[in-house]
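Protein chains: 2
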Amino acid sequence: MYKISICNFVFGTTVLQPRMAVARLKNQNPGVGHCTKVPRNVNMEKLQHGYLFPEIERHELLHSNKYPHAKVINLGIGDTTEPLPTIITSTMVDFVNGLSTTQGYKGYGPEQGEKPLRKAIADAFYKDLGIKPTEVFVSDGAQCDITRLQLLLGSDVKIAVQDPSFPAYIDSSVIIGQAGELVARAGKYRNIEYMKCGPMNNFFPDLSATSRSEIIFFCSPNNPTGHAATRKQLEQLVHFAKVNGSIIIFDSAYAAYITDDSPRSIFEIPGAREVAIEVSSFSKFSGFTGVRLGWTVVPEELLFSNGFPVVNDFNRIMCTCFNGASNIAQAGGLACLSPEGFKAVRSRINYYMENARILVNALASLGLTVYGGKNAPYVWVHLPGSKSWKVFADILEKTHIITVRAVALAPLVKST
Amino acid sequence: MYKISICNFVFGTTVLQPRMAVARLKNQNPGVGHCTKVPRNVNMEKLQHGYLFPEIERHELLHSNKYPHAKVINLGIGDTTEPLPTIITSTMVDFVNGLSTTQGYKGYGPEQGEKPLRKAIADAFYKDLGIKPTEVFVSDGAQCDITRLQLLLGSDVKIAVQDPSFPAYIDSSVIIGQAGELVARAGKYRNIEYMKCGPMNNFFPDLSATSRSEIIFFCSPNNPTGHAATRKQLEQLVHFAKVNGSIIIFDSAYAAYITDDSPRSIFEIPGAREVAIEVSSFSKFSGFTGVRLGWTVVPEELLFSNGFPVVNDFNRIMCTCFNGASNIAQAGGLACLSPEGFKAVRSRINYYMENARILVNALASLGLTVYGGKNAPYVWVHLPGSKSWKVFADILEKTHIITVRAVALAPLVKST
Numbered sequence: 000m001y002k003i004s005i006c007n008f009v010f011g012t013t014v015l016q017p018r019m020a021v022a023r024l025k026n027q028n029p030g031v032g033h034c035t036k037v038p039r040n041v042n043m044e045k046l047q048h049g050y051l052f053p054e055i056e057r058h059e060l061l062h063s064n065k066y067p068h069a070k071v072i073n074l075g076i077g078d079t080t081e082p083l084p085t086i087i088t089s090t091m092v093d094f095v096n097g098l099s100t101t102q103g104y105k106g107y108g109p110e111q112g113e114k115p116l117r118k119a120i121a122d123a124f125y126k127d128l129g130i131k132p133t134e135v136f137v138s139d140g141a142q143c144d145i146t147r148l149q150l151l152l153g154s155d156v157k158i159a160v161q162d163p164s165f166p167a168y169i170d171s172s173v174i175i176g177q178a179g180e181l182v183a184r185a186g187k188y189r190n191i192e193y194m195k196c197g198p199m200n201n202f203f204p205d206l207s208a209t210s211r212s213e214i215i216f217f218c219s220p221n222n223p224t225g226h227a228a229t230r231k232q233l234e235q236l237v238h239f240a241k242v243n244g245s246i247i248i249f250d251s252a253y254a255a256y257i258t259d260d261s262p263r264s265i266f267e268i269p270g271a272r273e274v275a276i277e278v279s280s281f282s283k284f285s286g287f288t289g290v291r292l293g294w295t296v297v298p299e300e301l302l303f304s305n306g307f308p309v310v311n312d313f314n315r316i317m318c319t320c321f322n323g324a325s326n327i328a329q330a331g332g333l334a335c336l337s338p339e340g341f342k343a344v345r346s347r348i349n350y351y352m353e354n355a356r357i358l359v360n361a362l363a364s365l366g367l368t369v370y371g372g373k374n375a376p377y378v379w380v381h382l383p384g385s386k387s388w389k390v391f392a393d394i395l396e397k398t399h400i401i402t403v404r405a406v407a408l409a410p411l412v413k414s415t
Numbered sequence: 000m001y002k003i004s005i006c007n008f009v010f011g012t013t014v015l016q017p018r019m020a021v022a023r024l025k026n027q028n029p030g031v032g033h034c035t036k037v038p039r040n041v042n043m044e045k046l047q048h049g050y051l052f053p054e055i056e057r058h059e060l061l062h063s064n065k066y067p068h069a070k071v072i073n074l075g076i077g078d079t080t081e082p083l084p085t086i087i088t089s090t091m092v093d094f095v096n097g098l099s100t101t102q103g104y105k106g107y108g109p110e111q112g113e114k115p116l117r118k119a120i121a122d123a124f125y126k127d128l129g130i131k132p133t134e135v136f137v138s139d140g141a142q143c144d145i146t147r148l149q150l151l152l153g154s155d156v157k158i159a160v161q162d163p164s165f166p167a168y169i170d171s172s173v174i175i176g177q178a179g180e181l182v183a184r185a186g187k188y189r190n191i192e193y194m195k196c197g198p199m200n201n202f203f204p205d206l207s208a209t210s211r212s213e214i215i216f217f218c219s220p221n222n223p224t225g226h227a228a229t230r231k232q233l234e235q236l237v238h239f240a241k242v243n244g245s246i247i248i249f250d251s252a253y254a255a256y257i258t259d260d261s262p263r264s265i266f267e268i269p270g271a272r273e274v275a276i277e278v279s280s281f282s283k284f285s286g287f288t289g290v291r292l293g294w295t296v297v298p299e300e301l302l303f304s305n306g307f308p309v310v311n312d313f314n315r316i317m318c319t320c321f322n323g324a325s326n327i328a329q330a331g332g333l334a335c336l337s338p339e340g341f342k343a344v345r346s347r348i349n350y351y352m353e354n355a356r357i358l359v360n361a362l363a364s365l366g367l368t369v370y371g372g373k374n375a376p377y378v379w380v381h382l383p384g385s386k387s388w389k390v391f392a393d394i395l396e397k398t399h400i401i402t403v404r405a406v407a408l409a410p411l412v413k414s415t
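Sequences listed follow chains Y and S, in order. Quick note: the first sequence uses numbering that gives the first Met the number 0, first residue 0, plus one each step. Quick note: the second sequence uses numbering that gives the first Met the number 0, first residue 0, plus one each step.
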């Protein structure tokens, strides 16, 4: 299996003498210069080598230097490539032009997001699910909200993650101090519960073998396996969280890619309001990866063990550690949720899914076992007997394709 | 003295039975509903009542309900009010229109910001100060960067703040777990060093009476007192940090408002590269409070006690916990730093400073002692013998003016 979750990386041990190493790299005398007496954060020391995506970028750069004429195709980070529909950009243009007028100028907005956008998100994604606009917090993206949720939770909780999983859950957990020691050989942290998900269990963890943790990160449709959890699976998950007194942080960033009747939100499952937070994003829904817009839903019924509403603390975090998403991005987000905007955005999603289909068919025709690509733009390929980075390097060397996650967001183009 | 720093608030004790209280407020039976077993973060429990600015908003709303016909003037949060120069918005419009084209579409950008913008910031604000573009990290604002710096530092450091100070330094410190217990009577945290700044010491702390702390937050021109530290004062500060092995986090968000020869950056002081980080913003410089854009400078020479470069960890934080500022805001920021853009932005700053002068003169003509308004848009008024919130309430009740911080960004208009 071509596994690429960061928890499976073994990147060598921490540099024990970083000053020496840095100085050597820079060809300097390490004895020179002033050192502060501020200790390096022990949590930062525990992080593995580099965050996944910049690490991939580094490999891409090295490859481009080696093959300056190669046309590299990047299927790595899952970036969007298609121009935004003009109905979205024309709304943003109007908003930006307004900023030059007395009537249209806007300064600070509410840290939680503009009211019409909060309402539009509740209406568009949570219709009939009872989510109030005041439970929707607009942000600059899901990855940023994950860190803010970790700030809210603090270091005294244990998290569980799907294995493989999006690396931000684990890395933010390490930074906030929840993860415990790194077991270098396994590339895993002692205090994180890794819930194995693969073809053997229909990409859903064996909950009977899963230890209790306060927080369960769960991404569906899953990045990177491409699997969307079924209603029955999510009912089991909500039940498991309720019995254990856990909070699910449900990442639905790819919900718009679901083509069958898999739930698009955890709040489709009865009882989820008492056990779940949902993090989501305009990035893959409407190509806002660079524009930056996301949201998080925290239901009022979600309570800490002392009965205090989680939403109150999240509101405090958003007001103190964040200052609102760009008002231009918010204007664009509102346009995406208009009937015409929604339709236009839909056409882009269909395009990306067509790319996924092309990839799946091509890989299958090579005799490979392929998962995903049906309810998500991610394609998960079985390449037995090799380590992730080894496969990554082989594919890059032979085809000039960046994979790591075989993402189908970029069109399939023959490499040169 | 009309003191408004959050460290001086006494807001009553923490609600001991929040679930009960919340239920009572919502007229619900507190026994009903599921509680998770996730403990509330003890650091969140230590935060005082509400973050300053939302708290002010709450007062404003109550006042508007009481006097629905009053025209309230908000001099509170220090918002910008003047339309953006068209040279800035037209650049953003071009960028947004480009997002609808194959050539102009952009997905994920570098988490650290677009290279041309990093270079332009280095050139515009740090000319001849030796700051490299790679030491400049573009962000969605200074307040957000302050939290990210706290994430980088972790809980095992002690911070010092000017007293009074911008509330985000203290609140982010509490959230990350540095602050220690709250001494409710004093409204101060045990493990934070409060450096008194006022007319008695020319708004610069008595460093001989200041205990060592790992981190010194220092804002100049100061929010809220309006005082810009002199070169000599900043030399003392850098010396103090060097001797103590401390790191200064210098907030220069109002540097563009300096009218005399006070340093606009901590990096004007020799030796600062080894002891200081600088956080800054386009918010007050170019009216981007709602557009959201800021930056942080971390020099390569700044090292933790083990010799590890701070910039490496900040880079990791930016890549893991942040996903880049909105690319539209970045395009706008670049336009602000063009020669024409800079000139246009300058005219807005002059306008705000003219407002400050009007306020200072009016308040002085009432016989009040007034500070600030010369190198910053903030005006600091001596109103002896009263508590902050009492003065706040009196002014609001009698004049329909929101003060807390007597900010001159809004034009002085007679209330009705």
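Calculated from the structure, these hints are not laboratory results. Take these hints with a grain of salt, some might be off.
A pair holds if it fits inside one copy or across any two, identical chains being indistinguishable in the list.
Stated by the list, open to error - Below, a list of computed lysine-lysine pairs in the DSS-like style, where the Cα atoms sit at most 25 Å apart:
1. Lys-187 x Lys-342
2. Lys-241 x Lys-36
3. Lys-157 x Lys-45
Is it within a copy, between copies, both, or neither that the alpha carbon of Lys-241 lies no farther than 25 Å from that of Lys-36? For Lys-241 and Lys-36, only the inter-copy Cα distance (9 Å) is at most 25 Å; the intra-copy one is 46 Å.
Same-copy or cross-copy closeness of Lys-187 to Lys-342 [CA-CA at most 25 Å]: Result: close neither inside a copy nor across copies, 43 Å intra and 54 Å inter.
Alpha-carbon proximity between Lys-157 and Lys-45, which holds within one copy, between copies, both or neither at 25 Å: So Lys-157 and Lys-45 pass the 25 Å test inside a copy (16 Å) and across (21 Å) alike.
Hint compliance for this structure: hint 1 alone is broken.
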